[in-house]
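What follows is the residue order along each chain.
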Amino acid sequence: MTTKSKKELDVAKTTPSIDQTKQILITGAGGALAQHVISVLKREYRIVAVDFRRRVELGEDIPSYKVDFNKRGFEDIFRTYEFDGVLHLGRMGLHEANRTRRYNMNVLGTQKLFNLCLKYNVHQVLVLSTHHVYGADAYNPALLDETFPLKASELTQDLVDSVELENLSTIYKWKHPDLHITILRPCNIVGPGVRNTISMLLSQKYAPILFGFSPLMQFIHVEDMAEAIATAFRQNLPGIYNVAPDDWVAYQDALVECGCNRLPILSLPPSLPKLVAKFMNTRSFPEYLVNYFKYPVIIDGSLFRESFKWKPGRSLEEIFSYYREIK
Amino acid sequence: MRKLIKSLVVSKDLESHIDKMPKEVGSLGYDAWGFNSDINKIGVALFKQLYDHYFRVEADGLENIPKDGPCLIIANHSGQLPLDGTLIGIAMEMNPHSPRAPRAMIERFFPTVPFLGNFLNSVGAVIGDPLNCAKMLERGEAVIVFPEGIRGSGKLYSKRYQLQRFGNGFMHLAMKYNAPIIPVGVVGCEETIPAIANIKPLAKLLHVPYVPIALPFIFPAKVHLNFGKPIHFGNQALENGREITEQEVTKQVEQVKSAIRGLINKGLAERKRIF
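Those protein sequence lines, which keep their order, are chains A and B. All letters in the first sequence, in the order written, are residues 1 to 327 by our numbering. All letters in the second sequence, in the order written, are residues 1001 to 1275 by our numbering.
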């Protein structure tokens, strides 16, 4: 009989004794959200992480690969590990590639993933989508529920891959109910490490606004979103869900709360701000998202909150205080 | 800046009165449709001056507005600009019996107008979409609806106080959400911007509902608002296990229209002079 040292006992205390019989795949492991999800789920599941950008170092316990979803190496991973579920969080962003390459990676790559899941008997897939799929339109009512038409591709060609990814997921969901597909459409994910458009804007000292427009927005902290994903995955209630808190703030108020200086851009004629965004050519104010700084896309997250008995833990004030502090 | 304007124009009495409204907002003062508690107070403080001194509004029957819970305020529409909705809104917020946040349904082109779109949302207006109305009733809001739409607001002076065709949408929502209907007769707004013609081709070109030929001036007509007794239609869609027919819905809409006609006639009879 051996006696454990104090250090070993401390480690044992903090590590839950869950049998970790289930193995899961998490895509997009290089992103801040995926890393939070991994840290939440690593005590409950044996995780394999992949990313198309780079091999992410996640510690000895978590095998990690750099892989292109459309290449043979991806199937090798499915062949090597027996996955019970997949969390598909990886997406190629607009700044990372042209439209065709994004379509190939985000849409055709996802199709490859679904087909591999069918082939290797995976029976749970969670797909991360975005509230951008609804499209920023002047005629949008508030509190869009999950049945509202996805108008983003009608408003900008650059969001076609996001809408197509959703459509593809829905087709597989109905055609293959055994795959148990859950699609999450979160509002703006922000917080430490998040490198999406809105998070980068809130981090800047100066942020553009469209003169005379301050659309209402919703924000969710990256750690809350990770908890939401983990909760949805654990409970496995297939369906399409908006994920958003029941709290709102106007864009310009959010900038002020984050300590940003507002940089007005003329909003008329409507083509002018798009031209300015094209000229600026920055990741934080892309041309294809200009309408999202003009018209609100407010989603109704009540179905998710009620179905999964979930609510976010961090207030808007806590979210914005982080951006104030980093300036 | 907003805090400064608020401290300059909103009196403590007004603020404490408006704070009695059963209105839920998020942690930074907004609701899902862009209503902002501070901007709403500023808006009321400013428009109350017009309400009291320019249009000298007389509002009767305010006790008929429920203290809380969903309800539909259904009124006749007139006057080219949405002054009637604004004055009904001020009357609801200043109601000495039980102030309510007014949620007026506005034309869809307003969000495209810089500053105005956001301002209207901040004081409580929302675009006239059935989903907005349904979700607001679900959340217990008091919604102002003009079932005549632009047929009412854009009509010519020669058709004043003649109710135009009512849409049936509000009745379906009233039944679905078991929301009482409070009919309102508005008298006086017809005379604020009397129009003699509508330049339809220009309206089409500008993508606006109408372009009236009228003097570029808002006349200080005295306005009478008569709020009628609540009419309850309940959830009749499921009565006797069958769906209510559209004809029956139209009949119920006519009942509301007739109540509004009565309230308009009351206002016209009470009116001693136009200005």
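Hints in this document: simulated from the structure, not taken from any laboratory. We treat Cβ as the ideally placed atom computed from N, Cα and C, and that holds for glycine. Treat the hints with caution; some may be incorrect.
What the hints assert, rightly or not - FRET-style restraints, in silico, Cβ to Cβ:
no., chain 1, residue 1, chain 2, residue 2, range
1, B, E1058, A, K278, 36 to 42 Å
2, A, D145, B, S1011, 52 to 58 Å
3, A, V256, B, L1156, 42 to 48 Å
4, B, K1176, A, F211, 51 to 57 Å
5, A, K175, B, K1176, 42 to 48 Å
6, A, F211, B, S1011, 27 to 33 Å
7, A, K175, B, R1165, 20 to 26 Å
8, B, Y1054, A, V256, 31 to 37 Å
9, A, T231, B, S1027, 21 to 27 Å
10, B, N1168, A, R262, 28 to 34 Å
Range first: 27 to 33 Å. Now tell me if the beta carbons of F211 of chain A and S1011 of chain B are that far apart. holds (32 Å)
Can you let me know if the beta-carbon spacing of E1058 of chain B and K278 of chain A is within 36 to 42 Å? violated (55 Å)
- Query: Within 52 to 58 Å or not, the Cβ separation of D145 of chain A and S1011 of chain B?
  - Reply: With Cβ atoms ~40 Å apart, the hint is violated.
Original post:
Is the gap between the beta carbons of K175 of chain A and K1176 of chain B within 42 to 48 Å?
Top reply: violated (34 Å)
Margin query: Within 28 to 34 Å: is that where the Cβ-Cβ distance between N1168 of chain B and R262 of chain A falls?
Written below: Violated, at about 44 Å.
ask   = CB of K1176 of chain B to CB of F211 of chain A, is that within 51 to 57 Å?
value = violated (40 Å)
Lying within 42 to 48 Å: is that true of the beta-carbon distance V256 of chain A to L1156 of chain B?
This hint holds: roughly 46 Å between Cβ atoms.
Is the gap between the beta carbons of K175 of chain A and R1165 of chain B within 20 to 26 Å?
Once the Cβ atoms are compared, 46 Å apart, the range 20 to 26 Å for R1165 of chain B and K175 of chain A is violated.
Hint says 21 to 27 Å; check whether the CB-CB distance for T231 of chain A and S1027 of chain B agrees. For S1027 of chain B against T231 of chain A, whose Cβ atoms are near 22 Å apart, the range 21 to 27 Å holds.
Checklist entry - Between Y1054 of chain B and V256 of chain A, does the beta-carbon spacing fit 31 to 37 Å? => result Hint holds: Cβ distance 34 Å, inside 31 to 37 Å.
Against the hints set out earlier in the document, violations occur for numbers 1, 2, 4, 5, 7 and 10.
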